[in-house]
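The two chains are supplied separately, each in an independent frame; assemble them into the complex guided by the hints.
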Amino acid sequence: MKLKPTLLSLALAVACGLAQAVTLRVSNQGDVQSMDPHSLNESLQLSFTGNVYESLIERDKKMALTPLLATKWTQQSPTVWRFELRQGVTFHDGSAFNADDVVFTFKRAAGEGSDMKGYTNPIKAVRKVSDFVVDIETTSPYPILPDTLTTLGMMSKKWCEENKAEQPVDRRKGIENTASFKANGTGPFRLKERQPSVRTVLVRNFNYRSKIESNVDEIVFTPIGNDATRVAALLSGETDVMEPVPLQDVERIKGAGNITVLQGPELRTIFLGMDQKRDELLFSSVKGKNPFKDVRVRRAFYQAIDIETIKSRVMRGASVPSALMVGAAVRGYQADMNKRLPYDTEAAKKLLADAGYPNGFEVGMNCPNDRYVNDSAICQAVAANLARIGVKVNLQAETKVSYFPKILRRDTSFYLLGWTPSTVDSHDVLVAIMGTPNDKGQGQFNLGAYSNPKLDELTAKIQSETDDKKRNEMIREAFKIHSDDVGHIPLHQQALAWAYSNKVSLTQLPNNYMNFKWITLKAK
Amino acid sequence: MPAAPGAWARFFDGDVWHSFRSSPMAIGSAVVALVCVFCALFAPWVAPHNPFDLATLELSDSMLPPAWMDGGQAKYLLGTDEQGRDVFSALMYGARISLLIGGASVIVSVLVGVSLGLLAGYAGGKIDAFIMRVCDVMLSFPSILIALLIAGVGRALFPQAHDSLAFGVLILAIALPGWVQYARTVRGSTMVERNKEYVQAARVVGVSPLRIMRRHVLPNVLGPVLVLATIHVATAIQTEATLSFLGVGVSPTSPSLGTFINEGNKQLFSGAWWLVIFPGSMLVLIALSMNLFGDWLRDALNPRLR
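These protein sequences, in sequence, are chains A and B. To get our numbering, take the position in the first sequence, counting from 1, and add 486. To get our numbering, take the position in the second sequence, counting from 1, and add 907.
Same shape as in the complex, but just chain B (with noise of 0.2 angstroms):
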């Protein structure tokens, strides 16, 4: 691969790795991000126990405080919640699930968003019109309502749904409302790009309207998507916490960090802290780290701003 070592070559020698070295936070939020994908990515073989493996389930060594505490046992490092799970290993398998359902959701909304707004904005006119208004109603609509509404829907037309159904209805619920972002974002830039010569070149030269859509406008208006889909990772994830939290999220049998915190919330008055302050954190590590990731990433690939 001969042209690899030059894109990188190219990109190390670049403004924006050169923005990165010298910027604390976006070094730590990118590490911090990085270490808590690695967890749930590789949950499996970090973590010490299978909380969703019911069959490992100590009920018997149920509500367990963290290792240090009078009472801890050295094998549940951050103690256990009431069916007997490890609170540390429940964290990266909840992580796992947070992340996937964020990271899926924001890959459709980027995908229907993206390919809409590079329609509006290239083929304008009636189109353009007719996405607009739908993007319009889309907005004037809580996101979270939509959500609760796709699944409400969803548990109705499929009530026994298995988890791998329930985790495509919850992507899709907060997928739906995310799309407009991208849309509009990429509208604008797309009436900008429409104009310009290379467009109206290749339009003479007669390449096809998809053609140019994908292969001479999308390049070029890809940025802010970038950034944008960075900080809707964050959002996503607390949307899922939100939807789990509302009881239309994941089986209670395997936790995502929501989940997990609604049912330590349960547990606040009776001392068992652990419950909330662990998962609580690990929500506020991984979407404060995506943010400010994403904050410095639109800084630094914005041209006005250097």
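Here chain A stands alone, though its shape is the one from the complex (with noise of 0.2 angstroms):
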């Protein structure tokens, strides 16, 4: 009988909670692959976990790093650089955060399984120095360090040991652990509800150790891939935030009047990619050698596009065609490099002609759905395109579900594929996508396993250089390099586009990281 009011009394506190909540209800063309921050070294992953996992530093409005898990960080010597880690945070199931959880953190994310070494390589050893300091030292001097440690998120060894997930998920191989459908971390949100491919519940972690701009209690974030449901969901009133805009509807977008379109440029890079390793191509007419290990071929290959027609018709226009694989906003982009070479059917032709394929060959080409703006229109006429010099490309456009798993694995011989430098820095894609594959992380995305020691040579020392015009002359020469070998085809930086209904504001990273925290909805 005494419990009777109080339980009445909760069961109203909990009905009132409930009207006053404010959803942020989320779409996007596909879902988060895993809760693991370590599992998957891409955009829209690391940026859905940077809500609930914290890194060290964090990149604010404007790009630059500002302190977030760390207060303060100083080098010590050219190798060295000490992080005064903030006090007073707690994880989600209360423990508290400290140093042991940053060095168990760097040892899982260089670990088997982890798809973060490129980020972990560098790194020569993590020292507790007490609670509250830590030290990284690198293996050689390494200016950029603090803008590569912006999407590690920090996970709690007490946690991850009593859940048995010290290894990260490796979607490559389909392992998954708890960390895949469970999550414990420092921010601002808590994961409540998670159920792939359909819905991804985070709720305000009130805990949090100061106040947020959002007055977001419940996010909820529903991957919708078909572009005109999308469309509907938000115009209907479904979901208050969506990305990314199908180009093709921008128009019928902001003609509803209640809704905003927000474009702005992407520091990602579409490029195309080709197995230059493998004795015989996997999928291809052609056997007992590789077509791409000849560079005549990746260049006709790079002529026969016609990119200014894909972006004027499949981009709509909203689309920068490039030549190099880094954007304008990226540090050491090259703007008098930023040349393609021309299109030119006719030369193409020659040139398959002389590599010994008068005829064309056939090979087979992978592509994804539902990652990247028109990604499979974008395919489709890159095949086109290639017809036209005789080359028959068999497409196989899959979800990203899928798609990334396979290409991982490598098990491919032509592919599209995006790339966003997480540090803002030209050193990121010459390590992931252009350095020569190793057990390291080195390569970890140049998935043709483009290989020139030369620029290999240059990376490395890119990596340790601290004057920036030696800096820049060296990554001038490194793309001169992969220029020449055409070791992938880049296409074009894509313009990113999300909508969202009046209610809510929000603020766009040229990385396309989506922050909740700084997401506001008024009340109706």
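Read the hints as simulated data drawn from the structure, not as lab findings. Since no wrong hints were added, every one of them can be taken at face value.
If you only want the chain A side, here are some residues facing chain B, beta carbon under 7 angstroms, derived:
id, residue
1, D713
2, A714
3, V717
4, R738
5, T795
6, R799
7, A863
8, Q866
9, A867
10, A869
11, A870
12, A873
13, R874
14, L881
15, A883
Calculated cross-link-like contacts (lysine to any residue; reagent style SDA-like; alpha-carbon spacing at most 20 angstroms):
id, chain 1, residue 1, chain 2, residue 2
16, A, K775, A, P844
17, A, K547, A, N701
18, A, K644, A, D586
19, A, K797, B, E965
20, A, K797, A, N824
21, A, K697, A, T557
22, A, K878, B, S1161
23, A, K878, B, E965
24, A, K797, B, A962
25, A, K740, B, L1175
26, A, K740, B, G1178
27, A, K878, B, N957
28, A, K835, B, A962
29, A, K650, A, D579
30, A, K779, A, G876
31, A, K836, A, V772
32, A, K797, B, S967
33, A, K797, B, S969
34, A, K1003, A, E699
35, A, K878, B, D960
Backbone N, C-alpha and C define an ideal beta-carbon position, used for all residues, glycine too.
In structure tokens form, the structure reads like this:
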């Protein structure tokens, strides 16, 4: 009997709480692949888990570095950095955050299954100095270390050990663990519900150490693959924020009156990669040799692509054709080198004939259909372009859920990929995309295994060079090598397009990260 | 061929032809179905463009409206899609794929279903019980689920399947859940026929069971199967469209009607209605005409309704 009024008042409180809860509904064309922040080095993945797991340093609204879990960082010597950690931070399960967790996180991110090895590779050791001070030693001077730490989510050592999640989820091998479905970070939002490909619900962490800009209590994230359905959901008010906006629908959505379309340049470069390692391509009519090993074939493919028409027709003007693997906002971008090889079908045919394929050949191509803006349409247009020089492309366009594991296993001959240097520095691309793949994380996304030792040498020097001018010269040289080799075929930088109801105010970052803590929702 | 004119004459003299001539619905649906089948079969000669030949696509001609609208071009009667494919030609080529897959999967399910049904009905006993339980299991799953499963497994087994192999998987995926109906129908009729005098006579003379099934029982149970098959072709085309719509169908560079509708669906809000309406209508036309024709055939061949 005594319990009853208590229960009643509790129920009342809960009911009132629900009635007032501010719910933000976000939709995207694809789902976040896992809740594990180290499982996939992909923008949507890191952007989403970044709301739950915080990194040592974050990027503010102007992309500048600001303290997050580290309050201060100083360089002790060219190779040793000292990070002072924020005190009084707790994980969602209530345990305190300290230097042990940082040491553990770096070990986890460098270990088996991790997709973040590219960031941990230059690091030689992470040492606990005291409970709230950590030293990071790099193998050689590494001036951009702080830039590389903005996406590495800090995990709790105790929680990972208790849940047998000491190793990251490995998407390639299809290995999952608790960290795929549960999360325990220090961020302003905590994971409430995870249904892969259906919906993921985050709720506000009311124990968060400081006040955040957002007034949102609950975030419901829904992947909606079909463009028209996603647009319809936004127009009908079923969702509040949606990205990416299908380019063909931008005008229609703007016309609705109560919805804002925010378009901005993105750091991401879309490019094509070719298998240059195998002695025989996996999916091709050419047997006994690999045509992509011949630079003339790669160049022929490059020159066969009519990028301007792809821009005007497929991308409806919302792209910037690129000759470089980095966009204009990335450090180390070389404006004067951004000149594409001319589009020239005849020259391409001649190159193919010189290489010994006067009648072209057949090759399989892999392409996602729900990852980048109009990705599958770009691939079809490329396939049509290549058909004109006699190359028959067997295109397989599929959802990223099956696409990424497949190409990361390198089960591909020819593929389309997009890359955002998360450090906003050319070095990231030089390592992850252009570097010769090794087991230390270099070339992790160089899925065709393009390799040039000279470029690797330069990359190593760029990594430790502190003089900006010299560094820039070396980047130029590396880019030139890559362009001359046609290591990859850059296509364009796509434009970001988000659409959201006028009740919402938010900040769009050029790396396409959506920080929920900067989103506010006006009451109706 | 002395038998042929006789057979034709008997056909034109018979009830079926009479019923056909006196039913406008039957004539109409047969004509529409024939036109669709003709366009599909002879697409390479009838269609103004070849949308599957990627080298001839003009990306700069993409998203043109139908010829009679502002900005439309005469050479693209029903407009173009986002890759510059002529919608009119793509419809014919798409229907070709849809009909091929529909037809082939029906043939496969008829073959499997009829032979298992005959066997079950004629042999009876444990064989009958076993086959019918398998049917029950198949029926307890939604057919689209089985098709998805097979298509998914097929894709996983042959990841970089060429188009022809992908077709094979698709045909199997649609055919497998379909055979059950035939098996059931044929089994029922076979059980009736089995006890008739002519079968018993054949057995007494010492004709082998296989031969009895093939030469004596089969012709007498085939009527309902033909009817079922016409209706099933339409269903199979719709299943193919659904599978392609769900993304486990044919490659986007050689779109079937289903893939085409799926692609067009994305453009719904941007005002490019011709990418959805035309392929959609084509699918409806084919499916509807075949269904109506099948309906009529069922009535015409059913002695009890005459």
